[in-house]
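Participant: Here is what each chain is made of, one letter per residue.
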Amino acid sequence: MKTWIGKQQALIDFTLSSLSRRKLKNFGLLLVYALIVFLLASVMLFTHALRREAALVLKNTPEVIVQRMVAGRHDLIPPGYIEKLGRIRGVQHIEGRLWGYFYDPVVRANYTFMAPTAGTINEIQIADSEIVIGAAVARERGLEHGNLISFRSYTGKLFVFTVASVLPHDAELVSADLVLLNPADYRAFFGIPADHYTDIALSVANPQEVRNIAAKLSETLPDARLILREEVLRTYESIFNWREGIVLVLLSGSILAFAIFAWEKASGLSAEEKREIGILKAIGWETGDVLKMKFWEGALVSLTAFLLGYVAAYWHVFHFSTALFEPVLKGWSVLYPRFELVPVVDGFQVATLFFFTVFPYTVATIVPIWRAAITDPDAVMRG
Amino acid sequence: MLFQPAIIALLLASAVSVLMLAAAAPYAWQLARHWDIASGSELQLRLERRTYLLSTLLTFVFATQLASLLLFIFNADKMAVMFVGAMCAVGTLNANAWGFPALFAQIAVFFMAAVWLVLNHVDTRAYDYPLVRTKYILLMGILPFVVLSFALQLAYFLNLKADIITSCCGSLFSGDAQTLAADASALPPQPAMLLFYGALLLAVAAAIFHARKLRAAYLVAASSAAAFVVALTGILSFVSLYVYEHPHHHCPFCLLKPEYDYQGYWLYLPLFAATAAGLSVGTIQPFARVPSLAAIVPQIARRLAWVAALGFALFAAVATFMVAHSNLILLKD
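As they're listed, the protein sequences go chains A and B. This note's numbering applies: residue -19 is where the first sequence begins, and numbers increase by one. This note's numbering applies: residue 3 is where the second sequence begins, and numbers increase by one.
Please note: incorrect hints may appear among the correct ones.
Unchecked claim - Only part of the chain B face toward chain A is listed, based on derived beta-carbon distances under 7 Å:
(1) Gln6
(2) Pro7
(3) Ala11
(4) Ala15
(5) Tyr29
(6) Trp31
(7) Arg51
(8) Leu55
(9) Leu59
(10) Leu71
(11) Leu73
(12) Met84
(13) Tyr220
(14) Ala224
Unchecked claim - Chain B residues, not near chain A, derived (Cβ > 10 Å throughout):
(15) Leu14
(16) Val18
(17) Gln46
(18) Thr58
(19) Ala69
(20) Val83
(21) Pro103
(22) Ala188
(23) Leu197
(24) Glu247
(25) Pro249
To be clear, the hints were calculated from the coordinates, so they are not data collected in a lab. We put the CB at the ideal spot given by N, CA and C, even for glycine.
Here chain B stands alone, though its shape is the one from the complex:
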């Protein structure tokens, strides 16, 4: 099933990303070892020039990874017609053992890439490139994940066979199955709602607090991560039910389908953006102590905190609108 345009595009993007990162890694290693801004040696001069290339290259690769996630999910959704038993992206991803791991790896790479891009942005704003070492050591950390993500995608697409019967979202996200997703789906709506709004409120409050007072940056990151998990659980356990107006359909992917007016994108785009921004607030916090960044980090962190707050608030508003707009009644008061 390799000869599908979108699959070729995805694999092309992943393969080129891996190649570029692999080519950049030795240079990054050299940079991390020999970087000394105070020195005027020829090596340092060469390194300074090279860092322009590396940061452009990596910005490009990571921006590609952000776009790939969207294309990957979109593609999985589109291919559902080709599998017996599949009705949305779940069926496609479930068609072999590599589908969901590939998705999770892609999501992990998405967040790492976003955080790296923020770090890079912070670094270029300062006059003495204080984060060069950190950036490139971090790159070494991300590289294995990008390779893993590529390997999983390759394994997934190579093993896709159109003649197998996969399972539909109805069976995977039903409350009776013995999986994590099923446990989340089986969560009764009332506590799920409390948890959902509680976590989002905490995340928004922490972000606004940080934007105002510039304190509790790590709380922003932690509450964002928590809100991300809780938000996905909430979508599984009750938001989806309201959208489909069906008390047993828990699928988080059918939301993305044209039948439901692509409503899912209104949920997921703000959610992912807000989470990435929230995580970045925490990541850049330790560098506020660097003298040349003392003024820059708070400024960027404030902006990111606003993005996170607005993103989570938008997400909550969209979810609330879906619930309020629906004809389904789950809770009787």
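Chain A extracted, bound-state conformation:
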């Protein structure tokens, strides 16, 4: 075992000095290689961080949301509807929610108006004629604590609100376009009569009961549409994976180009390299030894490029907010939240990335390396 390690050490040593003798050529390869890793790793790190963000956000949402449908359209929950649900075993809490969209012609964007209900986790007491707004709304309209703002409601009446506070920046991913106001103001603003609600939120303690409860609900309320949290989560997961996959497929052209480049590099041996191999064989190296040396060369180049590319991608995603891929992967809107992603590195993802980069490189270089390794010493030295 010791001799084996000693031999590999000597081989690595030799390979390194051989690589450093042709700095420019190897540097070019390393650069292109690292760039490929950087591109792919950026996409993967970014989508993975978004997926995690979505999962974290959804963690505190209600398990089941009941919406009432009339002629296939979302409608208000009429009085008595919540009572009709009755007591369902396994449901901890039922609440009617009030929320809706409001189009603001000034910034040409939709706000989400919401009246926080008493007794929930996100309970905030808001006084009459006051609002609490999300950071993006504050930014777009140039609002601060204590400012006055007026909205023309859908009934044509003008409502004036005082900004009580602006929601903290860390919550921007979920609250960018949010406007919170108290239920009475909400009803007055949108003209919604008392006892009507937008939808109903149910919290269920045991996640394995969610489907059973949903089944029961759809029996008692045939006109209801049920939205389950796990379903939303699943949709997000699929969508982000799909987007990531599409970008990777689009980038596969560049992977292919890179493989061809690596093939060319490995097969286009310079006269000097050929002489080197010839001399090595003349002084007693076997074909197997040359192959081993080349293997170490590939491994060293791959690992260096992988590390460089991955670290660069990490910086790109978590410190420069993925400036290159944002439009494709994130989607856009007028009131887009500004947010920093929490850095996450996932072993599974590193393994997948390895398959996408090192694997093609190795495949592309096997045959050229073998061709180089079987060179006859006399043929090289005579020529």
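Given the structure of chain A, go ahead and fit chain B onto it with the hints provided.
Facilitator: Then chain B, alone, in the frame of chain A:
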């Protein structure tokens, strides 16, 4: 559902493996037919050169297959969130008829690849390449399995539909179902434990005996194969119960989840490594009679036997630790 990064990577790896093996097959055939180390003809010289390429290529392909198995299982586990009713890899694999066959084919290819790699290693150690023929004839035997594994994976991934309801591990591994897995799960813990420790003890003892005395190589292989099957049965029937601390949850895949601190990898990695090593001990045994390998085979077999013994012992220790550490009480004495 093809556009998932890990699926693309897996299919890419499989497809490239199949392509490389298919490209190598005609040459392997030629090698197997015309190889004659005593000859100094031009053909023989060409073949000798080519065998370097082939063995490098195949080493690479088979090493890829070893890694693919891990990625395949990991991927199945990760995708569970995307299927209604799935909670771990079982649900994902059960999402259509091809999932479990693909897994089993991948496991079979894993062991064949491992054995082939050992043979290749033995062959390169000798000065006259005594196993070239055997190696390449064996390659022809493995090729169909690699193709099958690729086909099954392709069928599996192409037919994955996110909108179907699959079944969770709870229904597949419950004692009432009429499947082999269910029968294994329904095995009462006491005989299962006896069988489990008995088989592992036999495998470890055989391996140590072989490492010491260089005898009973086939017993090592047979007991390793048996220990592999019994170990999986044991995981189904009682180890998993202790890990989950739940008397009816028999799933062998949930062990791999982060909720259980990835404990499963501590079980499966030593188990697979030990089984592969044990099988290899038996496979290289017939070649101990080849003169140029007379000194090499025992040396490698001894090392492999130690790997097998340590692997099975580690596996047993980890399983015992899980059982001892658990708050669940299955057996009352």
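Participant: Against this structure, judge whether each hint is valid.
Facilitator: Going down the list of hints, with the structure as the test:
no.: 1; hint: Gln6; in the structure: 5 Å, holds
no.: 2; hint: Pro7; in the structure: 5 Å, holds
no.: 3; hint: Ala11; in the structure: 4 Å, holds
no.: 4; hint: Ala15; in the structure: 6 Å, holds
no.: 5; hint: Tyr29; in the structure: 12 Å, violated
no.: 6; hint: Trp31; in the structure: 19 Å, violated
no.: 7; hint: Arg51; in the structure: 5 Å, holds
no.: 8; hint: Leu55; in the structure: 4 Å, holds
no.: 9; hint: Leu59; in the structure: 6 Å, holds
no.: 10; hint: Leu71; in the structure: 12 Å, violated
no.: 11; hint: Leu73; in the structure: 6 Å, holds
no.: 12; hint: Met84; in the structure: 5 Å, holds
no.: 13; hint: Tyr220; in the structure: 27 Å, violated
no.: 14; hint: Ala224; in the structure: 29 Å, violated
no.: 15; hint: Leu14; in the structure: 7 Å, violated
no.: 16; hint: Val18; in the structure: 6 Å, violated
no.: 17; hint: Gln46; in the structure: 14 Å, holds
no.: 18; hint: Thr58; in the structure: 6 Å, violated
no.: 19; hint: Ala69; in the structure: 8 Å, violated
no.: 20; hint: Val83; in the structure: 5 Å, violated
no.: 21; hint: Pro103; in the structure: 22 Å, holds
no.: 22; hint: Ala188; in the structure: 22 Å, holds
no.: 23; hint: Leu197; in the structure: 32 Å, holds
no.: 24; hint: Glu247; in the structure: 17 Å, holds
no.: 25; hint: Pro249; in the structure: 17 Å, holds
Comparing the model with each numbered hint stated earlier shows that hints 5, 6, 10, 13, 14, 15, 16, 18, 19 and 20 do not hold.
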